[in-house]
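As you go down the protein sequences, you meet chains W and F in turn.
Sequential numbering from 1 applies to the first sequence in full-length UniProt numbering.
Sequential numbering from 1 applies to the second sequence in full-length UniProt numbering.
Warning: the hint list may mix true and false statements.
Unchecked claim - Some residues of chain W that are not near chain F, with every Cβ distance over 12 Å (derived):
#1 P10
#2 A61
#3 L132
#4 T166
#5 R199
#6 A206
Unchecked claim - DSSO-like mimics (lysine-lysine), calculated; alpha carbons at most 27 Å apart, straight line:
#7 F:K132 with W:K125
#8 F:K15 with F:K169
#9 W:K125 with F:K98
Note that these hints are calculated values from the structure, not bench results.
We put the CB at the ideal spot given by N, CA and C, even for glycine.
Each chain is listed here by its residues.
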Amino acid sequence: MTIFLWGVLPYAAFALLVAGLLWRHRYDRFGWTTRSSQVYESRLLNIASPVFHYGILFVLAGHLIGLFVPASWTRATGVSDHTYHLFSLYGGTLAGALAVAGIVMLVYRRRTRAPVFRATTANDKVMYVFLLGAIVLGMTAKLSDTSGNGYDYRATIGPWARSLFTLRPDTGLMAGVPVLYHVHAVVGMVLIALVPYTRLVHMFSAPVQYLFRPYVVYRSRDPRRLGPRPDRRGWERAGS
Amino acid sequence: MRPMAQIAMVMNLDKCIGCHTCSVTCKQAWTNRRGMEYVWFNNVETRPGQGYPRRYEDQERWRGGWELNRRGALRLKAGGRFRKLAGIFSNPRLPEIKDYYEPWTYDYRNLTDAPLGGDYPVARPVSQLDGKPMKIGWSSNWDDNLGGAPAYGDLDPMVERVRREASDKVRFAYEQTFMFYLPRICEHCLNPSCVASCPSGAMYKRSEDGIVLVDQDRCRGWRMCVTGCPYKKVYFNHRTGKAEKCTFCYPRTEAGLPTVCSETCVGRLRYLGVVLYDADKVAEAAATPDERGLYEAQLGVFLDPEDPGVRRACEEAGIPYDWLEAARRSPVHALVCRHRVALPLHPEYRTLPMVWYIPPLSPVVDALTDTGHDGEDPDNLFGAIDTLRIPLEYLAELFTAGDVGPVRASLEKLAAMRSHMRAVNLGEESDPGVPAAVGMDPADIEDLYRLLAIAKYEERYVIPTAAVGDARQLEESAVPDTCSLDHEGGPGMGGDGPFGVDSGRRRLPLVPVENFHVLRRRQTADDEREAP
Numbered sequence: 001m002t003i004f005l006w007g008v009l010p011y012a013a014f015a016l017l018v019a020g021l022l023w024r025h026r027y028d029r030f031g032w033t034t035r036s037s038q039v040y041e042s043r044l045l046n047i048a049s050p051v052f053h054y055g056i057l058f059v060l061a062g063h064l065i066g067l068f069v070p071a072s073w074t075r076a077t078g079v080s081d082h083t084y085h086l087f088s089l090y091g092g093t094l095a096g097a098l099a100v101a102g103i104v105m106l107v108y109r110r111r112t113r114a115p116v117f118r119a120t121t122a123n124d125k126v127m128y129v130f131l132l133g134a135i136v137l138g139m140t141a142k143l144s145d146t147s148g149n150g151y152d153y154r155a156t157i158g159p160w161a162r163s164l165f166t167l168r169p170d171t172g173l174m175a176g177v178p179v180l181y182h183v184h185a186v187v188g189m190v191l192i193a194l195v196p197y198t199r200l201v202h203m204f205s206a207p208v209q210y211l212f213r214p215y216v217v218y219r220s221r222d223p224r225r226l227g228p229r230p231d232r233r234g235w236e237r238a239g240s
Numbered sequence: 001m002r003p004m005a006q007i008a009m010v011m012n013l014d015k016c017i018g019c020h021t022c023s024v025t026c027k028q029a030w031t032n033r034r035g036m037e038y039v040w041f042n043n044v045e046t047r048p049g050q051g052y053p054r055r056y057e058d059q060e061r062w063r064g065g066w067e068l069n070r071r072g073a074l075r076l077k078a079g080g081r082f083r084k085l086a087g088i089f090s091n092p093r094l095p096e097i098k099d100y101y102e103p104w105t106y107d108y109r110n111l112t113d114a115p116l117g118g119d120y121p122v123a124r125p126v127s128q129l130d131g132k133p134m135k136i137g138w139s140s141n142w143d144d145n146l147g148g149a150p151a152y153g154d155l156d157p158m159v160e161r162v163r164r165e166a167s168d169k170v171r172f173a174y175e176q177t178f179m180f181y182l183p184r185i186c187e188h189c190l191n192p193s194c195v196a197s198c199p200s201g202a203m204y205k206r207s208e209d210g211i212v213l214v215d216q217d218r219c220r221g222w223r224m225c226v227t228g229c230p231y232k233k234v235y236f237n238h239r240t241g242k243a244e245k246c247t248f249c250y251p252r253t254e255a256g257l258p259t260v261c262s263e264t265c266v267g268r269l270r271y272l273g274v275v276l277y278d279a280d281k282v283a284e285a286a287a288t289p290d291e292r293g294l295y296e297a298q299l300g301v302f303l304d305p306e307d308p309g310v311r312r313a314c315e316e317a318g319i320p321y322d323w324l325e326a327a328r329r330s331p332v333h334a335l336v337c338r339h340r341v342a343l344p345l346h347p348e349y350r351t352l353p354m355v356w357y358i359p360p361l362s363p364v365v366d367a368l369t370d371t372g373h374d375g376e377d378p379d380n381l382f383g384a385i386d387t388l389r390i391p392l393e394y395l396a397e398l399f400t401a402g403d404v405g406p407v408r409a410s411l412e413k414l415a416a417m418r419s420h421m422r423a424v425n426l427g428e429e430s431d432p433g434v435p436a437a438v439g440m441d442p443a444d445i446e447d448l449y450r451l452l453a454i455a456k457y458e459e460r461y462v463i464p465t466a467a468v469g470d471a472r473q474l475e476e477s478a479v480p481d482t483c484s485l486d487h488e489g490g491p492g493m494g495g496d497g498p499f500g501v502d503s504g505r506r507r508l509p510l511v512p513v514e515n516f517h518v519l520r521r522r523q524t525a526d527d528e529r530e531a532p
């Protein structure tokens, strides 16, 4: 079980992520969108959405630092473990609180505004369960032990996460980790695997290139699209 | 010089009777799908009126188009690149569907299925957004023919501006009021702010014919284009989560056919033709410091297809010969550049729009005739233009950023044309002073008259096909085998895929569902299970 959860699942999640992204890019670029519901309801979204997104971006940054920057590096720059802990506790909690507040408002909005709720698919609901679950579990895990320097994930989870890159994951490191962190990590990995198959896929179309392109885009007509297009399966004309 | 060609449109507002045929045929052709219920690529507004969406011209609220920064350079009114990306998680300037109107249908089934009872069954309106019964409160032309104008007419942003300068000019009291119709489609601007607003780079201006389109495969639903367009002619398909807009019926224009709205226009008031312009001058013209200079500046961008130098440059730029010939015969070029009677809609948005309008003249003649004067006598007519029933100031707010000069010049030309042609038709001796007074000679006037009054189909719509080499193929595609949106990934894609509405390549027949036969079957089926 330990090997499956900490030695197989991460790679499976990553493989599903990459394969899903490639597959979606190849076969479903049309469905690749944020599917915004802002035209239905704007007032709540204008507050909730930026709060959630900025919160979750800080949370992501926190995870990257926490998991992939070894404790020895921060010590080398002269940051004591206690300072680091306070920084991660307050910064992380602030970011997490933003994300939780945002997503709670968003879910509330989705549930109470009839047009928005009507545009919610089963896929969205599953995604919300895992997203909300991952965030709430993470917050709980972090806040459940604030005594002293808190739970020192930089001695266990961090090295394990980095060992994934060596393709020889040190699953033993995860054995003594509190169960809340276990559940959070598993839910998180499932969420990563879900990304390309849900609307979360829009995170991979962050339009950074907008900063560098000229304002007005000119494109030529596709020469292959001049004539009539052949009927495609299922698109035969109706009534004939 | 970097010459480019664009297919542009001119509408003669004198002839618009507000029948909405263009809107309905456009809707049937392009937006009769779920997710697009509230969308009218072509709509006809009664002016004065709030327009569609409501008060879209209030750019202090919607932040559409361009403005000049302190250094005099163009920038998007809704904020530059960094501001767009920082605020990408929500768009506070996005109109909600209810700013257009909440689309509805009726519970027709109740008419036949209602149990026997004392009351006559009715078909209640049902919202198409949440499926619940609703009270209809607004639509795309709720204030048609000045409906509600005494109460709501003041909400027209242009009325507000005219009031500030000439408060007595706009009245909504019966017998003092005025109105005219303004059909609107996408302007297919030379400097499109929707394209500039798109973070994904999904929107583009086609280099061959200047049509502005949305690449449905690259659109990610950031909604910045909806805000960016000051005319609010980019719409958000709330089902697919992608932007859609008027396509200038490119499957038709590529084959040399006029757009659906032009083809079906009852008043024959639309003109289509090629305009050549210098792409190098676009940015400079759009950054003209004085808003009132934008009309002249845009005229300066256009190229004269008769000029041998221009023709040579066009040939070098790869513009086909038949396009050059079409540009010479273009009614749009004639009305815009040669006769200068057509004016752009809201040049102050700095997008350099390419659908131009000939301002309406008729009411002045009627008003004059009513007072016992000869409405087409030139002396009376020129003097009366300043006291038009439709105030010049109002037209100027629409077409020239408030400068009444070009509007007056255009109307005087139309008046001179009437006066001259009346003399010709009655066999009287025409007064050479009349054309001269508006800077035209009788031949010009008669040419303008021919264009405005007589021009047949081939003269009103001078559209070169996409490519001569593909002529045969194009001829076949003029009546395409399938809908032009039916390509893979097109907006006609249907069905609720596992990844959200309209995802994937499942072949659910969304567009055919809405066609005539299926509609007929659904409406005539006795049993709802029979209906598709």
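Here is how each hint holds up against the structure:
no.: 1; hint: P10; in the structure: holds (24 Å)
no.: 2; hint: A61; in the structure: holds (16 Å)
no.: 3; hint: L132; in the structure: holds (18 Å)
no.: 4; hint: T166; in the structure: holds (34 Å)
no.: 5; hint: R199; in the structure: violated (6 Å)
no.: 6; hint: A206; in the structure: violated (8 Å)
no.: 7; hint: F:K132 with W:K125; in the structure: holds (22 Å)
no.: 8; hint: F:K15 with F:K169; in the structure: holds (24 Å)
no.: 9; hint: W:K125 with F:K98; in the structure: holds (26 Å)
Violated hints, in rising order: 5, 6; the structure is consistent with all others.
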